[in-house]
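Colleague: Quick mapping for you: the protein sequence lines, in order, are chains F and X. Be aware that the first sequence starts at 1, since it is given in the UniProt record's numbering, and climbs by one per residue. Be aware that the second sequence starts at 1, since it is given in the UniProt record's numbering, and climbs by one per residue.
I should point out that these hints are in silico values taken from the structure, not numbers from a laboratory. Given the structure is predicted, the values throughout are model-derived calculations rather than measurements. It is possible that part of the hints are untrue.
Heads up, simulated SDA-like pairs for lysine to any residue below, C-alpha to C-alpha not over 25 Å straight-line [to be verified]:
1) LYS69/X <-> LYS115/F
2) LYS108/X <-> GLN111/F
3) LYS69/X <-> GLU23/F
4) LYS65/X <-> LYS115/F
5) LYS41/F <-> TYR25/X
6) LYS138/X <-> ARG107/F
7) LYS69/X <-> TYR25/X
8) LYS187/X <-> TRP229/X
9) LYS108/X <-> GLU23/F
10) LYS138/X <-> LYS115/F
11) LYS108/X <-> GLY215/F
12) LYS108/X <-> LYS115/F
13) LYS108/X <-> TRP124/F
14) LYS124/X <-> TRP229/X
15) LYS115/F <-> VAL216/F
Here are a few chain X residues that sit away from chain F, every Cβ distance over 12 Å (derived from the structure) [claimed, not checked]:
16) GLU62
17) ARG87
18) HIS111
19) ASN112
20) TYR113
21) ARG116
22) LYS138
23) ARG169
24) GLU178
25) LYS226
26) VAL239
All C-beta atoms in this analysis are idealised placements derived from N, C-alpha and C, irrespective of residue type, glycine included.
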Amino acid sequence: MFRNQYDTDVTTWSPAGRLFQVEYAMEAVKQGSAAIGLRSKTHVVLGCVNKANSELSSHQKKIFKVDDHIGVAIAGLTADGRVLSRYMRNECINYSFTYESPLPVGRLVVQLADKAQVCTQRSWKRPYGVGLLVAGLDESGAHLYYNCPSGNYFEYQAFAIGSRSQAAKTYLERRFDNFMDSSREDLIKDALMAIRETLQGETLKSSICTVAVVGVGESFHILDQGTVQQMIDAFDIAGEQEAPAPEPDADAEQGAAAEPGAGADQVGAVDEGVAPMDI
Amino acid sequence: MSYMDSKMSQHGLIGSESDSQRTLYPYVTGTSVVALKYKDGILMAADMGGSYGSTLRYKTVERMKPIGKHSLLGASGEISDFQEILRYLDELILYDNMWDDGNSFGPKEVHNYLTRVMYNRRNKFNPLWNSLVLGGVKNGQKYLGMVSMIGVNFEDNHVATGFGNHLARPILRDEWHENLSFEDGVKLLEKCMRVLLYRDRSAVNKLQIAKITEEGVTISPPYSLKTFWGFSAFHNPTVGAEGSW
Numbered sequence: 001m002f003r004n005q006y007d008t009d010v011t012t013w014s015p016a017g018r019l020f021q022v023e024y025a026m027e028a029v030k031q032g033s034a035a036i037g038l039r040s041k042t043h044v045v046l047g048c049v050n051k052a053n054s055e056l057s058s059h060q061k062k063i064f065k066v067d068d069h070i071g072v073a074i075a076g077l078t079a080d081g082r083v084l085s086r087y088m089r090n091e092c093i094n095y096s097f098t099y100e101s102p103l104p105v106g107r108l109v110v111q112l113a114d115k116a117q118v119c120t121q122r123s124w125k126r127p128y129g130v131g132l133l134v135a136g137l138d139e140s141g142a143h144l145y146y147n148c149p150s151g152n153y154f155e156y157q158a159f160a161i162g163s164r165s166q167a168a169k170t171y172l173e174r175r176f177d178n179f180m181d182s183s184r185e186d187l188i189k190d191a192l193m194a195i196r197e198t199l200q201g202e203t204l205k206s207s208i209c210t211v212a213v214v215g216v217g218e219s220f221h222i223l224d225q226g227t228v229q230q231m232i233d234a235f236d237i238a239g240e241q242e243a244p245a246p247e248p249d250a251d252a253e254q255g256a257a258a259e260p261g262a263g264a265d266q267v268g269a270v271d272e273g274v275a276p277m278d279i
Numbered sequence: 001m002s003y004m005d006s007k008m009s010q011h012g013l014i015g016s017e018s019d020s021q022r023t024l025y026p027y028v029t030g031t032s033v034v035a036l037k038y039k040d041g042i043l044m045a046a047d048m049g050g051s052y053g054s055t056l057r058y059k060t061v062e063r064m065k066p067i068g069k070h071s072l073l074g075a076s077g078e079i080s081d082f083q084e085i086l087r088y089l090d091e092l093i094l095y096d097n098m099w100d101d102g103n104s105f106g107p108k109e110v111h112n113y114l115t116r117v118m119y120n121r122r123n124k125f126n127p128l129w130n131s132l133v134l135g136g137v138k139n140g141q142k143y144l145g146m147v148s149m150i151g152v153n154f155e156d157n158h159v160a161t162g163f164g165n166h167l168a169r170p171i172l173r174d175e176w177h178e179n180l181s182f183e184d185g186v187k188l189l190e191k192c193m194r195v196l197l198y199r200d201r202s203a204v205n206k207l208q209i210a211k212i213t214e215e216g217v218t219i220s221p222p223y224s225l226k227t228f229w230g231f232s233a234f235h236n237p238t239v240g241a242e243g244s245w
């Protein structure tokens, strides 16, 4: 995108019918470090790459718990993301107080989108420079939404945003047909694989990624580093059969579910060794 | 409201000049509502009387109304406040429907919303003078709750307002059990309503029974209960005290 005479104000249309400031805001999302999300019928997993300013500093918080049943991962201007998370938490808590019921994700997402739209139609405001992957549970099951700075929102089976997200998206596109029926563990494994795609060769360690889960009977929470490292170790060793053992939350059902998943994963593992598709 | 203001100034009960509007007493009131959970949902009964003080003035007041797809609201107390509450709920359900997203307010949500409304009004010393019974079924879950005019709220398997608390609930505590059939539930409610009819001065013998299940709401047409007054003590009541009446 190049500078032009229609991009100073968010309230100026270009002759081609574009709002450049909004598009520049979406660019800001692409510059942030990657965040990915994927969902099954009963669970949603969010993951992100931890970016730290320098070796001395801690990494930025990119995943926020909004309520027991909703969490969000952001990419872009994390300050804007923090502010929007606070808004989301507020909305959830007010709804819970009045109705003693969790706010349906779909409604929160629309409220967020409407809030973003306002910033695209006021000359004294600027669009939020952050993309949000909203993961949540409601009566109709597990949902994953993506909220754009433009005020648009979409529901996804799986998605990735931020820098080098295309690699993750390609990985997810190949696998998403299976996600609906995936077990929780398989879903997390796929999330870690997708994060690994965005690292372009760098070793995947629990210190450079954050993973969070929400599901039926499971409140939104961020997995602790130890658990994540165990899972990374489990699938890096290509034998799926060993996977149940080191995991602390292994159970018989997971062993059975891993079997059909094992076949697909092993094929995927071989692919990884060959060459990840870059387009 | 101005009639009440003058009354208040006469009694010297106005706190400060700023609060010119506060409910002190109700005018047209409905008496007890009784409700219980049964096998398929909730059964609720209320008579159709609207009393004006001690006069049984209005005899076709519908004190139970369906709310949205999943709830049924019954009210005792000030009828005009009940109508106001129905307008609040109408707006609430309208906005809920406008989302058009497949979600809908169930009885739990409506009950809690009403609790908030009642409690907030009570805090402003301007209560909605009602005791509300909210029942419903959503996704197979039965719900029955009550909110009073001061915001006290709770859920139970059977609830009653007003005199029903004293006369009907003991009967229900003894005879209610899980998975009552529809016929047994109605019989139990009629038993309670009959006692109320005999003993509650503001009851009228014209009642409706409402049922709410997963399928929806049905409110019966009004009917009367059979009563018996042929007790021997009522023949020649003055036989033991000549000259009295």
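Colleague: Next step is simple, just say for each hint if it's right about the structure.
Modeller: Hint check results:
1. LYS69/X <-> LYS115/F: violated, 30 Å
2. LYS108/X <-> GLN111/F: The given pair, whose Cα atoms are some 23 Å apart, holds under the 25 Å limit.
3. LYS69/X <-> GLU23/F: The hint is violated at about 43 Å.
4. LYS65/X <-> LYS115/F: Judged against 25 Å, a Cα distance of about 36 Å means the pair is violated.
5. LYS41/F <-> TYR25/X: violated, 54 Å
6. LYS138/X <-> ARG107/F: holds, 19 Å
7. LYS69/X <-> TYR25/X: This hinted pair is violated, its Cα atoms lying about 33 Å apart.
8. LYS187/X <-> TRP229/X: At roughly 20 Å apart (the allowed maximum being 25 Å), TRP229/X and LYS187/X satisfy the hint.
9. LYS108/X <-> GLU23/F: violated, 43 Å
10. LYS138/X <-> LYS115/F: Answer violated: LYS138/X to LYS115/F is near 31 Å, above 25 Å.
11. LYS108/X <-> GLY215/F: holds, 22 Å
12. LYS108/X <-> LYS115/F: Since the Cα atoms of LYS108/X and LYS115/F sit roughly 29 Å apart, the hinted pair is violated (cutoff 25 Å).
13. LYS108/X <-> TRP124/F: violated, 42 Å
14. LYS124/X <-> TRP229/X: violated, 47 Å
15. LYS115/F <-> VAL216/F: This hinted pair is violated, its Cα atoms lying about 29 Å apart.
16. GLU62: Given a closest Cβ separation of 26 Å, the condition holds.
17. ARG87: holds, 18 Å
18. HIS111: violated, 8 Å
19. ASN112: ASN112/X not clear of chain F: closest Cβ-Cβ about 4 Å, inside 12 Å.
20. TYR113: violated, 6 Å
21. ARG116: Violated, since 5 Å does not exceed 12 Å.
22. LYS138: violated, 9 Å
23. ARG169: holds, 24 Å
24. GLU178: holds, 24 Å
25. LYS226: holds, 42 Å
26. VAL239: holds, 60 Å
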